Amino acid sequence: MSKPAEKGAHFSSGSTLSSRLKMTLRQHVQECRGGLREIGRTPLSSLMTVAVLAIALALPGVFHIFLKNAQSVYQNWDQATQITLYLKDSTTAKASTDLADSLRNHANIAEVRFIGKEQGLSDFMQWSGFGDALNHLEDNPLPDVLVITPTQSHSTPEKAEALSLELEVHPEVDIAKVDIQWLRRLYAIMNIAEKAVFALGALLSLAVLLIVGNTIRLAIQSKREEIQIIKLVGATDAFIRRPFLYNGIWYGIFAGLLALIMVNGSVYWLSDPVRQLAGHYNSQFELNGLSAIDVLKLLGISTALGFVGSWLSVGRHIREIEPR
Amino acid sequence: MIQFNGVYKRYPNGHEALKNVNFTLDNGEMAFLTGHSGAGKSTLLKLICVMEKSTTGQVLIDNVNVSRVGRRKIPHIRRNIGMIFQDHRLLFDRTVFDNVALPLIIAGYPHKEIGRRVRAALDKVGLLSKEKLHPIMLSGGEQQRVGIARAVVNKPPLLLADEPTGNLDPELSAEIMGLFEQFNQVGVSVLIASHDLGLIARLPYRVLTLKEGSIIRDGADA
Numbered sequence: 001m002s003k004p005a006e007k008g009a010h011f012s013s014g015s016t017l018s019s020r021l022k023m024t025l026r027q028h029v030q031e032c033r034g035g036l037r038e039i040g041r042t043p044l045s046s047l048m049t050v051a052v053l054a055i056a057l058a059l060p061g062v063f064h065i066f067l068k069n070a071q072s073v074y075q076n077w078d079q080a081t082q083i084t085l086y087l088k089d090s091t092t093a094k095a096s097t098d099l100a101d102s103l104r105n106h107a108n109i110a111e112v113r114f115i116g117k118e119q120g121l122s123d124f125m126q127w128s129g130f131g132d133a134l135n136h137l138e139d140n141p142l143p144d145v146l147v148i149t150p151t152q153s154h155s156t157p158e159k160a161e162a163l164s165l166e167l168e169v170h171p172e173v174d175i176a177k178v179d180i181q182w183l184r185r186l187y188a189i190m191n192i193a194e195k196a197v198f199a200l201g202a203l204l205s206l207a208v209l210l211i212v213g214n215t216i217r218l219a220i221q222s223k224r225e226e227i228q229i230i231k232l233v234g235a236t237d238a239f240i241r242r243p244f245l246y247n248g249i250w251y252g253i254f255a256g257l258l259a260l261i262m263v264n265g266s267v268y269w270l271s272d273p274v275r276q277l278a279g280h281y282n283s284q285f286e287l288n289g290l291s292a293i294d295v296l297k298l299l300g301i302s303t304a305l306g307f308v309g310s311w312l313s314v315g316r317h318i319r320e321i322e323p324r
Numbered sequence: 001m002i003q004f005n006g007v008y009k010r011y012p013n014g015h016e017a018l019k020n021v022n023f024t025l026d027n028g029e030m031a032f033l034t035g036h037s038g039a040g041k042s043t044l045l046k047l048i049c050v051m052e053k054s055t056t057g058q059v060l061i062d063n064v065n066v067s068r069v070g071r072r073k074i075p076h077i078r079r080n081i082g083m084i085f086q087d088h089r090l091l092f093d094r095t096v097f098d099n100v101a102l103p104l105i106i107a108g109y110p111h112k113e114i115g116r117r118v119r120a121a122l123d124k125v126g127l128l129s130k131e132k133l134h135p136i137m138l139s140g141g142e143q144q145r146v147g148i149a150r151a152v153v154n155k156p157p158l159l160l161a162d163e164p165t166g167n168l169d170p171e172l173s174a175e176i177m178g179l180f181e182q183f184n185q186v187g188v189s190v191l192i193a194s195h196d197l198g199l200i201a202r203l204p205y206r207v208l209t210l211k212e213g214s215i216i217r218d219g220a221d222a
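Each protein sequence line maps, in turn, to chains H and V.
Quick note on the working numbering: the first sequence kicks off at 1 and runs consecutively.
Quick note on the working numbering: the second sequence kicks off at 1 and runs consecutively.
Isolated chain V, as found in the complex (with noise of 0.2 Å):
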């Protein structure tokens, strides 16, 4: 699902975020990306949703290299991904349906198509009674949580988050991880930035470390 092939990505202020990054993911595996804040993390989440473009290397995402594709093409590979983030990323002039809605409005599906899946997402995470309200009026792990619907509801087959934790207290974060373990086994393939080493290591998953830019450990248990 994701091939990260030398992958070298250098900011124009000469910060090298990523040094000679090499791993995959196989189709429905669930692992987790571990390091310190400034570890190049999220630079790695960008270039897999192409926020941003690798200085050299191949990220291929579904046998397809991202770090290469026009801007076009952009859209329609985000379209296969979920994405999830720590500050949620909600719309906040708009209720708990519409935002989850977005990206079913956005590839096109019918109205009824919508009601339907927006209403199963909301039910899996627990929401469904909260479908009107706006995201201000819900509590941060409320908020988390319709971003996870968000990301589901047209069924990417990769889900991504980046600390989608970051804010939670641990039994709600417990929650949320088990939503993602539910995710991954119906087939949906998951890569979970977390510094929550903890929680990572009660779970029996493999754990990327990086490091100043560069993979020091890929294993099972941190």
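For reference, chain H alone in the conformation it holds in the complex (with noise of 0.2 Å):
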């Protein structure tokens, strides 16, 4: 009753290399789209993931925002370090302009400004508001002054002190100070502000790992069925893994864009009151977005965790659908 073997159709063995690998690029741009659908195939909610995505995202990139023109303006300020030399009693006003003259020619020096102990006690009496006060003093308790501005390059906290140290032994100098501690401080501050941005962008990137992991594993369970049918026709793990890669890719790159267009909205939103403060402050100081560079680096970073998170998470549940 059978039919003889010889007539029989064969198993297929494989195929080249050549075509296989003109299959797999054709298989990855039909799924590169098909993730898209994806997304486009419940508007509504996969808005509000890709929403939470991108808060998640422009948080550490407003931080980082902030930080960096923080630190563009104390980098400013690091050319402001000043030394003050506080001239003996027992020096006489020739001395002291003996010195002056002869500390405008040191090579790390670019400016000296000499203030006389009346000018001082008469600026002090004018800012500080103890003006009657003062005017109970028999004598002028305050001494000469020189404040001496570093050339650039010595104008760091480490720098700056040594050249101080070197000045201090002038036999005329009473006290050669320094004004960098809150400099020093400020430094600290913003380093501990760098890292905290490092620690809550880490944090918040684990944060995006999970949450689209959570929705690719959704969306693998709701398939299911699907996946079972597909495994049964002959579809490996890599097949089916790989739409839902895509749809954590989109992810990715979708909440990139959101948070791209959320970081550059609040700075322009607080571009004006930042500049009114400036000008209180004599400052041409404007508020700077995220460079090319940034930008890049939050897609990049935002398309990496969109691509990882569903990573982690398609492997185990597509693995656990088995045919029944």
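What the hints contain is simulated information worked out from the structure, not anything from laboratory work.
Among these hints, one or two may not hold up.
Simulated crosslink set (DSS-like; lysine-lysine; CA at most 25 Å straight-line) [claimed, not checked]: (1) H:Lys22 - V:Lys19; (2) V:Lys155 - H:Lys22; (3) H:Lys22 - V:Lys73.
If you're wondering where the values come from, they're calculated on a predicted model, not measured in any experiment.
Put the two chains together into one complex, using the hints given.
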């Protein structure tokens, strides 16, 4: 009753490498579109997911911008480092001006300003609000002062400190004081802020991973039956995985773009008040937005997070679904 | 094409679905597998398409012991087996065309080739005019024929069918069997699980009868 064996069809065994490559490329293009369509299939819930991801990405982005701008501000201040030389009481006016002249020729000093004790007192009376009280003093308690501005290359806290120690050995100088303590503290605070932003970024990146992973897990579960059927007709795990991976990548891209809009939107929103504030300090300071490299970084990170998040989810959950 | 050597299948709950099953289905042969519900028909088919693995014994498909292959190889074995299910297992959110195209898309055929082959398969089962419809708009018999078109679209050398006529009236059942005979005539090996004894008796093919997990009869007529 049966047909002769030699007439029967046989199992096929694989194909050539180049045809397999072409086929893989074709499938990738299809699945890349499929992943996009999947997002469009449930526009509202996809939009909400993208918005949550974008907020998680935008927060460190905004903090990064604040930090960057703060750094650009205090780097300007750095150049305003000054060394104050309080001269001894016994120093004569001539000795003071001689010292000032000789310091003007110092290689590491850009500017020397002499403030005599009388001028110091009148300035102090004018600015401190103790004017009347000072009138009751018998002598002027203030010393002559030389305010030294180091050259730009000697303006860092360390170099200014070294310069002040060098100047302190002059016999006329009583105390040399570098007003850098506050700058040091600011550096330390910025350092902490930088680390905090980094930690926040890391935590929120983890949140993005988990959100994408969970979204993809739900997508996989809602397609449980479809996956079983596709496995039955011979789909590899990789084939089933790919649309979900592309889905995750698209989530990352859209979230990155929306985060960009959020970050630049808040920069734009803040730029006017910041300009006003800077105006009060007689500064031309402008809030800088994301640079081109920052934009690429943000998009790159968000895409990578979308991919990794779906990868973590997809491997496990697709393996679990077997046809019954 | 198919060779069972001393195959036992015991499920984790202790139920012994197959006991010492031995048979060979030659290349290009067509046969029926029959028996009461729970006799082990479905388990036997699942061992062939690697949905289950045998507890002991060999299941050779085209000389490959599929009960011992790694999970990465399983999809490639399934691509050479056309499977037809009683509940059709169609994707209801896709058109008839897309359902039938699925095995070709998975195997990565070029777009043109897919269109050509899908239409040929649909023409074969008489559904060419319905390629744009969704399965839900079709009758049970038509859905089954979509399932058959999907099973044969990539021209597999082996067809397995699990109760393909289970829900169909006698006329439609005979039509479906006619399709299987046509595929068999072009060299495809066919194994059909069915408990429709009347239908089987009218056809001149080998019948394997299962009872409580063992083959109790193997012959040309039931």
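Each hint, compared with the structure:
Of the pairs offered as hints, the one joining Lys22 (chain H) and Lys19 (chain V) is violated, with about 46 Å between alpha carbons and a cut-off of 25 Å exceeded. Taking the CA atoms of Lys155 (chain V) and Lys22 (chain H), the gap is about 21 Å. The hint holds against a cut of 25 Å. For a cut-off of 25 Å, the pair hint linking Lys22 (chain H) to Lys73 (chain V) stands: about 21 Å separates their Cα positions.
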